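Trainee: Construct the entire structure; sequences and hints are all you get.
Spelled out, the chains give:
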Amino acid sequence: MGISEILFWILAALTLFSAVMVISSKNPVFSVLWLIFTFFTISAHYILLNAQFLAIVNIIVYAGAIMVLFLFVLMLMNLGKESEPKKNRWLKLAGAVAGGSLLLVMVAALRHTENQMTELVTGDIGLIKNLGKVLFTEFVVPFEISSILFLSAMVGAVVLGKRDKPVENLITPAVAADEVAVVSIENRDV
Amino acid sequence: MIVFLLFLIPLIGGLVSFLIRDGKAVRIWTLFVSIVLLGVSLAANNFVADPAQLSFNAQWLGTLGSSFSMKLDGLSKLLCLLTAVAYPIIFIATWKSSYTRPNNFFGLMLLTQAGLMGVFTATDALLFYFFWELALIPVYFLCSGWGGEKRISVTFKFFIYTFTASVVMLIGLVYLYFQTPDRSFSMESFYALNLDASTQSWVFWILFLAFAVKMPVFPFHTWQPDTYEQSPTAVTMVLSGIMVKMGIFGVIRWVLPIVPVGAYAWGDLVMSFSIAGIIYASIIAIQQDDLKRLIAYSSIAHIGLMAATLFAETRSGFQGVMIQMFNHGVNIIGLWIVVELIERQFGTRKLSQLGGIAQKAPVLATLLVIVAFANISLPLTNAFVGEFLMFNGIWNSAVTEYRIVFTALAGLSIILAAVYTLNMIQKVFFGPENDITSKGVDIRLNEKLALSGIVLLILVFGIYPQPLLNLTSGFVESLLTKINVANLIVN
Amino acid sequence: MNALIFSALSGVIMMYSGFVFKSNKAIRTLAHILLALVIVANLMELKGIAIFEVDTKGMLYFDKFALLFMLIANFCTLAFFILSSKDMERVGRSYSEYFALLFFIIAGIAIASSFKSLLMLFLGIEIISIPLYILTGTDKLNLKSNEASLKYFLLGAFSTGLMLMGIALVYGATGSFITSEMVVNPQFEVLLVIGMMLLLFSMAFKVSAAPFHFWTPDVYDGAPTVFTSFMSTIVKAAGFIAFLRLFDDVFSGIRPEWKILVAFITAITLFIGNITAVFQQSVKRMLAYSSISQAGFMMLAVYALNSDAKEGLLLYAAAYSIATIGIFAVLIKMKDYTFDGFNGLARQQPLIAATLVVFLLSLAGIPLTAGFLSKFYMLKATINAGGILLAIFAVLMAAVSVYYYFRLIQSMYFKEGNPIAIDISTEFRFTLVALAGVTILLGLFPNLITHWLYF
Amino acid sequence: MALFVIGIVGVLTRRNAIIIFMCIELMLNAVNLLLVAFSKMNNLANAANNPSAGSDGQLFVFFIMVVAAAEVAVGLSIIVMLYRNTHSVDVNFLNRLKH
Amino acid sequence: MKNLIFLIPLLPFLGFLINGLGRNFLSKALVSIVGCGTVLASFIISLLLFINKDYSAQPIYYFDFINIEGLRIPFAFQVDQLSGLFLLIITGVGFLIHVYSTSYMHEELRAHFARYFAYLNLFVFSMLLLVMGANFVIMFIGWEGVGLCSYLLIGYWFKNVDFTKAAKKAFVMNRIGDLGFLLAVFWIIQQFGTVSYYELFNAETGKVAILSAQNSTAIVGITLLLFLGATGKSAQIPLYTWLPDAMAGPTPVSALIHAATMVTAGIYMIARSNVLFNLAPLTMGIIAVVGAATALLAATIAIRQNDIKKVLAYSTVSQLGYMFLALGTGAYVAAVFHVMTHAFFKALLFLGSGSVIHAVSGQQDIRLMGGLRKKLPVTYFTFLIGCIAIAGIPPLSGFFSKDAILLNVFVNDKFLWVIGLITAALTAFYMFRLLFITFNGTFRGTEEQRVHIHESPAAMTLPLIVLAVLSIIGGFIGVPELFMEGGEWLTGFLAPVVPVVKLHVEHATEYLLIALTTGVAVIAILLAFFRYKKYRPEQPSGFARVLENKWYVDELYNSIFVQPLNKLGVAANRYFERSGIDALVNGVGRLVHYGGRQMRWLQSGQVGNYILLMVISMFLFFLWQFFIRK
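Going down the list, the sequences are from chains G, V, D, F and E. Under my numbering, the first residue of the first sequence is numbered 1, with each subsequent residue one higher. Under my numbering, the first residue of the second sequence is numbered 1001, with each subsequent residue one higher. Under my numbering, the first residue of the third sequence is numbered 2001, with each subsequent residue one higher. Under my numbering, the first residue of the fourth sequence is numbered 3001, with each subsequent residue one higher. Under my numbering, the first residue of the fifth sequence is numbered 4001, with each subsequent residue one higher.
No lab work stands behind these hints: they were computed from the structure. As the structure is a prediction and not an experimental result, all values here were calculated from the model. Just so it is clear, CB atoms sit at the ideal spot from N, CA and C, and this is done for glycine as well. There may be inaccurate statements among the hints.
Said to hold, decoys possible - Calculated pairs, SDA-like style, for lysine to any residue (alpha carbon to alpha carbon, straight line, at most 20 Å): (1) E/K4028 x E/F4013; (2) E/K4207 x E/N4278; (3) V/K1360 x E/G4020; (4) E/K4165 x V/N1434; (5) E/K4567 x V/K1448; (6) V/K1448 x E/N4024; (7) E/K4375 x E/H4507; (8) D/K2335 x F/H3087; (9) D/K2335 x D/Q2348; (10) V/K1157 x E/R4578; (11) D/K2259 x E/E4455; (12) E/K4567 x V/S1352; (13) D/K2064 x D/M2044; (14) V/K1448 x V/L1459; (15) V/K1360 x E/V4466; (16) V/K1157 x E/G4020; (17) E/K4534 x E/N4440; (18) V/K1157 x E/A4458.
As the list claims (entries may be wrong) - Reference listing, derived: stretches of chain V covered by chain D, where coverage requires no fewer than 3 residues with Cβ under 8 Å from a Cβ of chain D: (19) 1061 to 1067; (20) 1160 to 1172; (21) 1234 to 1240.
Unchecked claim - Going by beta-carbon spacing under 8 Å, a handful of chain E positions derived as facing chain G: (22) L4612; (23) V4615; (24) I4616; (25) M4618; (26) F4619; (27) F4622.
Mentor: Now the structure itself:
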């Protein structure tokens, strides 16, 4: 059991723990914070898997941009306090049980292959240089296409936010943040 | 080519009549079209010998293995003739009935006729299905648009019932299509099929169901009395005079030759149900107070006999069924005309409210009595020949062990038919007049004309049925060959 | 590729047209012209003339099937534009943006119908979905619209998650996203199966097949009717094309694994769609359920997965889209969306009622309409694939569907009432009649569409 | 895998729209992680001679992030819009559309 | 002469058409001429045939009625001795009845008068078809035709609901028998492949003779079914109840039905197929027993009837029973002989009773008559002759035919002979009871009627006289050889159709029997004379009441057939049709509807539930895929 493996197990445990905290926190703000923590642990996983680029992007985009956006919206709506009414206990239980059983079934189905998944390897494909090359050669079409996606998301945000002044102001930065994120990624790649 | 005309004339005539706004003009136009069609049909039956003229073939839906092919053989000739004969009579008989939006009404009537002609002549299964529905849809609109009080729900039931059965039939046809070696919907390919016994037995049901509902065979008959009751009489005439024949026609053309072994295997069961239906419908008919319902149940009984005979698979039986299809069509249209006249004059169809009309309308009474006796198949009326041959067919059947029981039970119908028909005559025409009927007058010229036409047909084919028999004898021969050969192969 | 690029560009143009033109009419005209251009481009490519040569590295492949479907989709969109684009004015103020989003969706459809890489599938589906989330919510002051939008979004995102998981597992099992390069590692076949199932679920979600259909009625009902019209027809058909392609390209090797699953999903979809539609009082909601039931029929294509199924799916897409767009176009004009709201329409607007009848008959699958033949193709394909019981179940459900479609006919023709229909122009009538004509024409000669696949 | 299911459970059990949304993000991350792992695993053999082998998986992750970002933008704007109208983000409150 | 054969039925048919279509234009005189003339012409042709002995068993072919492969039914006539004899009876007696009717029905409206004659002609036509047909199917056409005509004529006064009901009853009862006939025809077709008499019964090539010996069940079946047909038409147990009710029609119609036509059809048919029946001893036995039973039963009922026509009607049933008794013992000739004599005297009696009814303004109840002898001398005298004839007093016709029957029965079965004898006594008794009550004593009707009583016009009395003469002399064509050298002419005449069976009876026995029969009859007459010489209405009691109510057979039929059928119909309609089958059909629809309503609850509108349901179904799919399927 090498060091990386020990690290892996620790990280995995941390990830799962924080994920559970995300869904079980009463206060949404804490949920967000736990989620950010989860993203960090996942990034750590990426590094373990030698995908450094993704690790960084993950932190920047997710933990940085997206989660801040979440937090922002939460604060805006003043939902910081526990505002969630009691959900039907049975329904909750049913949800948990159903999800749990799904997990069990899937894991059971996958049990032959489970071992394989934990094997870690090293390599340098995760490096920005290599990825960038591939992205702009082989993956250029999807890359361009994803711009359509963004355009539509942008238009959508505009459409949805247009009428009421206060909210419009709020949404626009969000779009801007996304744009920034994309731009930053592009810059980094190049 | 002439067979295509049989379909084309009513189609175009129907489409044109939608455009004629004037009520009078559209009546004249549709009558004209139907008479022209009658002429064509007669010509097709009598003067056209060239087989190329009697069939029509055009490329259509080639990729699906289907083509637009029609043919006039003995069976089709007979039924096309019936359709062609019935329409002018119906139009004449209902000349005085007023309809809102007459152009739509008559247009739909002619479209129905086109569909019927198509059903009777199509030799391609998919085309057959098309026409099957084409005949159904206009009828739906006719019944729902111009019918009685409860028309909407009743017609709806009728429509969904028949539609459901017919789509199941479609599955059967497609299944058969995949069994043909050349992947074709043509009748010849279907006839050439030789499926194994177990397949045949379930395919039989899939196909038969649609026809059973259409005929209708007990216990699929419950849509019928309601529908007949609620439909406008002209439509009821089409429904009962011609459309129910589609079911029998379907069995003859699309069931027996294709799945003979299936038909053989289930023949006893179907016969039992049909015959139970005869008795059942007759018993109920005796209790009916509504003229239309009474006739509807009587029709169920008659059709039950035909259905039972089909599965006896004898020459005499088939001949009987065929001639009876024609005759029953004529007779029941006659009955409906009478009902129409009565209802229009007196505003009621209730037996209990009528009576004594014979004094007020002796001509009507006389004509009705003749038609009614044709309905109970008195000798020298047309129906006797058919029923005689059919009973004989069942009696002499080689495919069922219970032939004697079947004949005897089916024979009860001639007694029960007498009971309800005479009941009807008695309650409607005889006895003293009452408040409702005392105002009556006798029928008008157009009605006399239509009824006399019917009576003439009844008597002519009652005394000299041979032309009709000859028309179908060749067809019956080939049908028997197909069935027997197939039975032999399997046994 | 032509159509994809043209439509994407058109989207961009429309996005800015709002700044240039102030009149809605001008925007509308522009949109029509652009769409016509897209269609021309599409036709050219179908004829073998490509304006743009783009090497997609095997990620997109514009074969006849895809192109033909795109053509159908574009034509239907054109019909939709002509019939209903004027009514989009009533939804909200961002008129040009709506068009932009619609064009983006068309681009997404182009991707989803021609993908060869799971990445493209994912992107295509997302490009279709995200604008739809937005369009659903465009009636901003209407709580129903808001609610529908959120539901759609949450559930859609959830299903995206499923889809991604599925893709990841398939990738794990095969080592590639490109469908032609997939090599199944026998060791991981179970991964492949799970991935397949997850993809199946998410695609079933996108095409609203039961039991993943729950969003459909709510969203279709809540969305502004104009957009419901679009999303329940063209978009759904595109989903099916993608579905069919996915299972044809990727999972045809493990067909025994999913055949029964698909059959089961098909059966429940048919059942739930039809049975629930029976009880609806609102025509709009009825159409939503009807779209579920129609989806059940289209699922048969996935089940059968043969050439009949492909031809049939194209025909089905055309028939179903035309009919539904036509009905929605009239529905939009009505004041009252319930069945009773249609009472007596035949008296007031005989022509429109007649065309509606054609559309309804087509949806119900009555012969002489395109709807019949497309259903027929599906049944044929199914029976060919051995699913005769499924076929019988399907037709029985089709018979149930007659019930609710004919209720509308009954309302229009056989009941008395005074329906309020607004703003019916000659152009509108003309287009409706033309669409009805197309429906019947396709019902008589389906080859008009299907022969393109082979010439 | 477990992460994925936790996401699902989260979606199931919470009724705050934003948290549900977050749980979905969690699911996406689980996928990402898995993809990266697979991209490694599948290219164990040829990692040495082909430097870009397995990059498709990682790029896919990249695209997922892109899409997720777009989704977040749209999703949050929808939530905000709804909040504007109802002052609630409770999904159970959303039952005007049913049957 | 043979060329004219087709005219025999055609003429009455033409008469029917002319009168039927022209009923609104033709005057009564014209109608009468057409009606009577056509029948007369037929009679003349029949007579010419008889005189020229133009009889042949070869069918005269006209056209193919039904011709399909394996079954050819030509429209052909066969006029041999048997049918020739019947032709004479039908057209002859029929003509007289027509003539009688011209006067009897004179008060009817013109259109109805014409209608009446049209029906009458049609009746004759049908009956002619029945006897002339060369095969069973043509016979069946006539067979049903007379049923139809009886229906029309019985219900002639259609305003009266009871009359139309009687007509209906007649037709339906007949139909029951017809069904038997029809089934027999099918069986014949199956067994022999033909329905032509010539091909079936011909002595040389007849298929019955060739094929039948091997399969006696079929023969028994066929004959039993044929007999069932005969019981319907000829009013035997169990289907006799329609005949007394058939009195609802005008009296001449009763005469026509009872005497000349319809009811004799059964006898004709069995005599015609004697070859077949001879092969089925079992059937013969049954026929004899049924015949005897009917004869006795009807006779007992007749004793206590008070309606003049009903007495005659039951007498007819009883006499028909006699004929069947004869048939059952193989005495076809005797049966036919009795048909003929019966035709004479029963027509006479009916027309006489018509004359009486006519005289007393439509009154039919004999309790309200009496003392008519003086007022209606012709009627009385002819009626008396009729009574003597039917009672079997020598040398009137009834004596010979009845004697022939009883002799045959005596040889075959002593017990049945005793019944026959009792019946003969009862016959004599009730006929003379009728005679005495009607004509003797004093008039018991209203004053108005009394004033009105008058003898009928010549058109009515003339036929009475002719028939009376025939009743007297008609018996001589069958005088037994015992009395006259060269007797049994009828047997010889019919020999080509009915093979001669020689009875071996001692002359002494024969004389004894004759004496016995006559003696019994005379005693019965005397009894009747003393009892009813001075009739006073009396209340029936005990057994008499049972008789007056006809043994309650109608009520029995009503409660075991008619009522259950009606109840079944009501039940079927209400419970099975509406709430059974139809409810099932509608139930499917309702189920769908209900299902739709329940399904809606799945669509709760809650996102959480949606996802939960999705996840659960995913879970189930996984479970199925990986754990259940394998």
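Trainee: Which earlier hints can't be squared with this structure?
Mentor: Violated hints (numbers, rising): 5, 7, 8, 11, 15, 16, 18, 21; every other hint is consistent with the structure.
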